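Colleague: Given two chains presented individually in distinct reference frames, assemble the corresponding complex, making use of the accompanying hints.
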Amino acid sequence: MKRHTLRGLTGLALVALLLIGLIGCRGGGQTGAVVSEDPMEIARARGLSPADVVAAVKTYQPTGTYDEYIMFASGGHSGQVLVIGIPSMRLLKVIGVFTPEPWQGWGFSKETQEVLAQGNYDGKELTWGDVHHPALSETNGDYDGQFLFVNEKANARVAVIDLRDFETKQIVKNPLSLSDHGGTFVTPNTEWVIEGGQYAAPFEGYASLDQYREKYRGLVTFWKFDRERGRILPEQSFALELPPYWQDVCDAGKQVSEGWVFCNSFNTEMATGGVEKGNPPFEAGASQRDMDYLHVINLRKAAELVEAGRTRTIKGFKVLPLDVAAAEGVLYFVPEPKSPHGVDVSPDGNYLVVSGKLDPHATIYNFQKIQDAIANERFSGRDDYGVPILDFDAVVETQIELGLGPLHTQFDPNGYAYTSLFLESAVVRWTLGGPWAEKHGRDPWTVVDKVSVHYNIGHLAVAEGDNVNPDGRYLVAMNKWSVDRFANVGPLLPQNFQLVDIGNPNGPMQLLYDMPIALGEPHYAQIIKADKLQPWEVYPEVGWDPTTQSRHPAATRPGEERIERRGNTVEIWMTATRSHFTPEHVEVRKGDRVIWHITNIERARDATHGFALPGYNFNLSIEPGETATIEFVADRDGVFAFYCTEFCSALHLEMAGYFLVRP
Amino acid sequence: MTWLDKIIGPRIPDSVLHRERRRFRRPTLLLGTAALLLLISIFFPYWRIRLYAPQYPGGLVAKVYVNRVEGDVREIDGLNHYIGMRPLEEAAQLERSLSIILIVAMALLAAGAIYVHSPWAAVLSLPALLYPLIFLADLYYWLWNFGTHLDPRAPLSSSVKPFVPPLLGEGRVGQFRVVAIWDIGLWLAILASILIIVGLYYHRKAYKPFYEAYVRGELA
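Residue numbers (the numbering used here), protein chains in the order written: chain A, 1 to 663; chain U, 1 to 220.
Next comes chain U alone, as it looks inside the complex (with noise of 0.2 Å):
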């Protein structure tokens, strides 16, 4: 038995799996929703700010997605000009560049795991689960590096202090009432997470007497 087959684990009999089809299809369902469901997120914002002020009744959005900033972004550098904040278009430009190619490598990873039938599908699903964590985790850091970074050259960097805008929930910066939301992106993302977390119970409920039993020698 080489490494290799350790990793990919046992085949199924093929009597074994007519019989109790609905315990092997269960995790593939599961993995493979929540692949499907993180690819599905690439198309969606995954997290939203929208800033109020009496001159901006409608008030103004900036909608983050996995590789690009949408919205009034052009307004709210204007505004944030000011404060010596720099442009939205600066941060986080290489997550933004990779995110697509990471996000499809997650999923098919995640969908791979329902191929390997051993402890290693965690292994595999791990970046897809640990997902929507990285990313509040490098949007926090963005955000705390803009905030507390600001030009201390700009018009008014004397009258605002370094701040952090919320992650989620309500904020105030100057006449600015700021509220952030986390958008569908990542909503799916999380929703994908729990899938997997799932997955890997049944995946687990499924495939782990065989993998022994393969271990053993007792599996061809």
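In isolation and in its complexed conformation, chain A is listed as follows (with noise of 0.2 Å):
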């Protein structure tokens, strides 16, 4: 009894120790909840230092303010391109590119699955993409806010998305090329999009790894841009034929270089790996030489041998054939520390910074060294191929130890240049030299700061900061993994896009903000200042194509809905607005062919309609004005309804109608 009672009051001792730690943890929990009007109140409650404060107020947007910059990124293998405010890092817009994007009702109307069934290979639907490299499109060097391109890697393909209502209007395939990862880059005036291969592989057919040096390929690819149309003209474009080492990112030249490209790449060992079979893996044997190519060509020469005839066509596309760029002027090549990633021109034109990821420096060349070298033919030898080599010391600049896996770099109005260092986690920014020495007043070519991320970072962007105008303020660090960043939400991680201000380049770059990247690896982003854009609020007119950009041939007007029946084939014209469909009926027969077109008829902003065949697999996003297609055979028998998928109106319940398919 007594023992028993002793236990009973162990037990109960026991539980009072549990309740008071519980009243101690919500306790020390409760530093979160703030109810202070104070701001110095409430960051000390949050334990916010004054730095973090200093942050929150340099990125906070107050409702109804716009933001400054807007970055289109890269959504990786989402296939789609993200649009964000800077400095509120907020997401504005999911653009659906390679990959059906449900909210935008890209991929479900006929006239966007058209578009995507541009990028078919050899036939086949491909249903995702890997985005890589956005590039607005530019006059005279500077982004004009007109058209956005970008590549995917995956199945090398470029989009071009109109930026007057941020839409994807077209995707060209590249017939020669397997993959993609140098691009998308334009030159100064956007006459063309460029493209750089990625994995070398024949143009066409198959051939055996043994004969890789025969018949095995890279290449870069000129995509011709015709503004006024706001497409690629694929007749127009040209690939120039190269050594089958691997390209990797490219740049245009602007100012004084302009008219060149240089791109780099990796594998000029040509290791075809094979670890299963005992050869080197690929890591190893790419990684053989100490150095790579940097491919210097001149564009504005290859168009011309290209105008002159002196193509090939291979599967309906020209090509440049690389004993012609060898023997023409077009080729050249310069020695580049192994594995580099990133090739920048600085705003001038005038320096090229290479880093390479197994090298803690960066390489600059001086692109008048390079003209020099090639008029006065100073060549180290010629590669296997006969592309002249040019003399490294002829060409270089300098070599700065910035840290350890640079990457990219971006550059600033006032002389800096930011690199990210993937290996480290960090972003070094430093002094250019030349001209720019006295824009800075600083020691040229020294590193002056550096700001850790986290971690992995890849790209960067600075605002404006890779054309010939830079704005600086604003970094944007491209971050692989987040790790410690933000709350567990299983195996699969976020990526990070960290903002950082680098608008004081006599202080220190300060971390500002991080933004958790979920749906997709952040690859490259460009920054625009947002008054450069002019988009839309609503289509031009009611009844409007925006894969065309005109009126649509099905526009249809209120009053002007109908249903009509040739034959086997159902055609119906309806509208859609606050908070009818009109009709409301639609009957049809097993079997028949049915086209329907829905004409949003709405004029005001945000007065999107959506509508949702179920059971059809039909969904789509209709803007004010827009007209949008669906076809199909009606081979399920029932009873459909059909309803709006955006909340419109205090009646947008009602907005629906049945789908009548008698057997």
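Hints are computed from structural coordinates only; laboratory data are not their basis. No experiment lies behind these values; they were computed from the predicted model shown. Heads up, some of the hints might be wrong.
As the list claims (entries may be wrong) - Here are the simulated distance ranges between beta carbons:
1. PHE632/A x SER157/U: 17 to 27 Å
2. PRO54/U x ALA656/A: 17 to 27 Å
3. PRO62/A x GLN175/U: 20 to 30 Å
4. ALA154/U x PRO491/A: 52 to 62 Å
5. PRO516/A x GLN93/U: 22 to 32 Å
6. ARG229/A x GLN175/U: 42 to 52 Å
7. LEU130/U x GLU587/A: 36 to 46 Å
8. PRO54/U x GLU587/A: 36 to 46 Å
9. PRO663/A x VAL164/U: 50 to 60 Å
10. ASN617/A x GLN175/U: 29 to 39 Å
To be verified - From chain U, some residues computed to sit far from chain A (all C-beta separations above 12 Å):
11. HIS81
12. LEU88
13. GLY217
Positions of the beta carbon are idealized from the N, C-alpha and C atoms, including for glycine.
Modeller: Shown next, in the form of structure tokens:
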């Protein structure tokens, strides 16, 4: 009995202790709950440092105010492009590009399905893409806010996005390339969209890996862009045949180097892997030599030769052969430290910054010295394919030790360069030399500051930091790993875009904000002044086809709604407005072909209507003024309710109708 | 003396005209300006209603001209269909089709009063004088007509009671705050009315003695 009591008491005491512990914990956890209106008190209660408060104040965007910059970022293997406001780092839009995107109805209407189908691979439908490098259109080397290009590495495709409505208008599939990584980059007036290849392969057909040197080829593709039509013209585009090195990131020359293009390469060893056969693995085989080749391409000359008909046609695509390019002064190689990633041209066009992932230095080449070396034939030899190799010492300006794993470099207006350090997880700020020394007044070619980022940074983007007229102010670090930055959401972690304030070149760079990217790996991004963009508020006319940016042949005005039958084809002209579709009943027979046009007749901003036809897998987003079409065979009988998917008005749920398929 | 002579009234002798130019020029200027203002008013909106709601931060506006409605008419019609109000286009169709002719006629009559040196001048300028009142009365009629004849089959017919939008000033319908103002056109017409009143006063001062003498047969 006594022992029982004792045990009971012990138990009680334990419970009491637990309770006290719990209460204590709750008390401790209450630092987050703030009732004060005094900012300093709130900051203290939340445990914020003065630097945190400064960062919060610098990034907070009060309601009703707009961000100063807009960033276009690749959505990696989500296949999409992300539109993000800076400095708030708010996600404004996900643009459907290579993958169906339900919110925009991208890939569900006949019109958008046709755009997606342009990217089919030998007739095979592709349902994903690996988006890499967005490139804004430029006029005189400056972003003009009209178009955005983006490449897709997996299947070597390039897409054109019209920035009047932020929608994808065209996808071109490179017929010669297996994959591409070095795209997209534009020439200073957007005459050409540059797409560098990646993994070498035969241009057509099959060849065994034993025939790698003879049959496998690399390439860079120059897509001709027609700004008036807003379309790439494949018939006027061409590819430059290259040795089977793996071409990588490119950049177009600008100012003094306009007309030239620079691309990195790796695997000049021409390793073919096969670790399972006892060969060195690719990672080792492709890293044997100390140097890879920077490809220096005279695009103006290449275009002249193409014009003169010096091309071969493969798979219907013009190719400027390697021997012609080598003989005619189109192509030169410059040794670069192995496994380079970025080649970035300074705003004046005179310096090329190349960083090798396995070399702590940035190597800076001088364009004028390259020109002199070409003129004086200062070659250190020719490669196996006869391409002249310029003498390294003759063309290099300097090498600077930046840190571990330097990748990509961008610039600000004050003569500073910013390079991402992958292994060090940092961004380094350093000074340019030459005419830039006057701007910053410091020692040229020296490191001045470094800021840690979280973690494994790949690309970085400075506001307008890769055009002739950089803005500086903000830098975004695109980090591959976030590890400890966000609440655990399971083993697949978001990547991390980090906003860094670089506005004060005399003070330190300050990390301001972490933005989790929850739908694919961020690669490159470009940041444009928001006021350069002039997008439409609603489509210009009622009955607009965004894929052609002109009036849709099936545009339907109120009162013109109708259903017509021609044999087994039923065509419907429907309008959508708050809060009804007209007509509301559509009745067909099983087996009928159905062509269904829907026009959103609204003229108010944001009065978007969705159109869902469950059971038939249709989902449209029809923006004010837009006409969209779906086309299908009514192969399932039954009763289907169609409805509006955007909560458009108080009577949104009533915005519906019946699609009846008689057996 | 025929009845027409009586209406037109006497011509003023050149010697008098020369001596007292200002006396006769004053009503001419006032009535002429009034007629001109009335003509100009055709090109300006008369009445403007602006609707404010949270989801329309810039507001929606309907500008009423004498012969048309401009502004966010489609959007307003779209919203009105919820409460069963007829499209704005259907309002005052007859008035709108005749307005230009009538206003031109009123202006011509008022200008004609310049040449009529008898009390009939007042009769001729009366339509132009009363015109702003007529316009407002007609507008009010249509506001009342539209606001109180809502389609009972409309989706929100049960939640909005009949109402009359304000002729001037603020009102409220649902989440909308509506503000009605009198616009330039109407102010021009009102100014024309005032000018006509003043003009008729000076007209009477200038011509009355001559008219009386004329009727008595003392003036040729």
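Colleague: For every hint, state whether the structure bears it out.
Modeller: The hints, checked one at a time:
Distance hint check: the CB atoms of PHE632/A and SER157/U are about 38 Å apart, inconsistent with the given range 17 to 27 Å. At about 26 Å, the CB distance of PRO54/U to ALA656/A agrees with the hint of 17 to 27 Å. Between PRO62/A and GLN175/U the CB atoms are about 24 Å apart, so this pair conforms to the stated range of 20 to 30 Å. Here the CB-CB span from ALA154/U to PRO491/A is close to 55 Å, well matched to the stated 52 to 62 Å.
Under the hint 22 to 32 Å, the C-beta atoms of PRO516/A and GLN93/U, about 59 Å apart, miss the expected range. At roughly 45 Å, the beta-carbon separation of ARG229/A and GLN175/U lies within the given 42 to 52 Å, and the hint holds. For LEU130/U paired with GLU587/A, a C-beta distance near 59 Å fails the hint of 36 to 46 Å. At about 40 Å, the CB distance of PRO54/U to GLU587/A agrees with the hint of 36 to 46 Å.
At about 55 Å, the beta-carbon gap between PRO663/A and VAL164/U stays in the expected band of 50 to 60 Å. A hinted range of 29 to 39 Å holds for the C-beta pair ASN617/A and GLN175/U, which are about 37 Å apart. Interface exclusion of HIS81/U from chain A breaks down, the closest Cβ pair being 9 Å apart, not more than 12 Å. Distance check for LEU88/U against chain A: the nearest CB is about 15 Å away, which clears 12 Å, and the non-interface claim stands.
Distance check for GLY217/U against chain A: the nearest CB is about 69 Å away, which clears 12 Å, and the non-interface claim stands.
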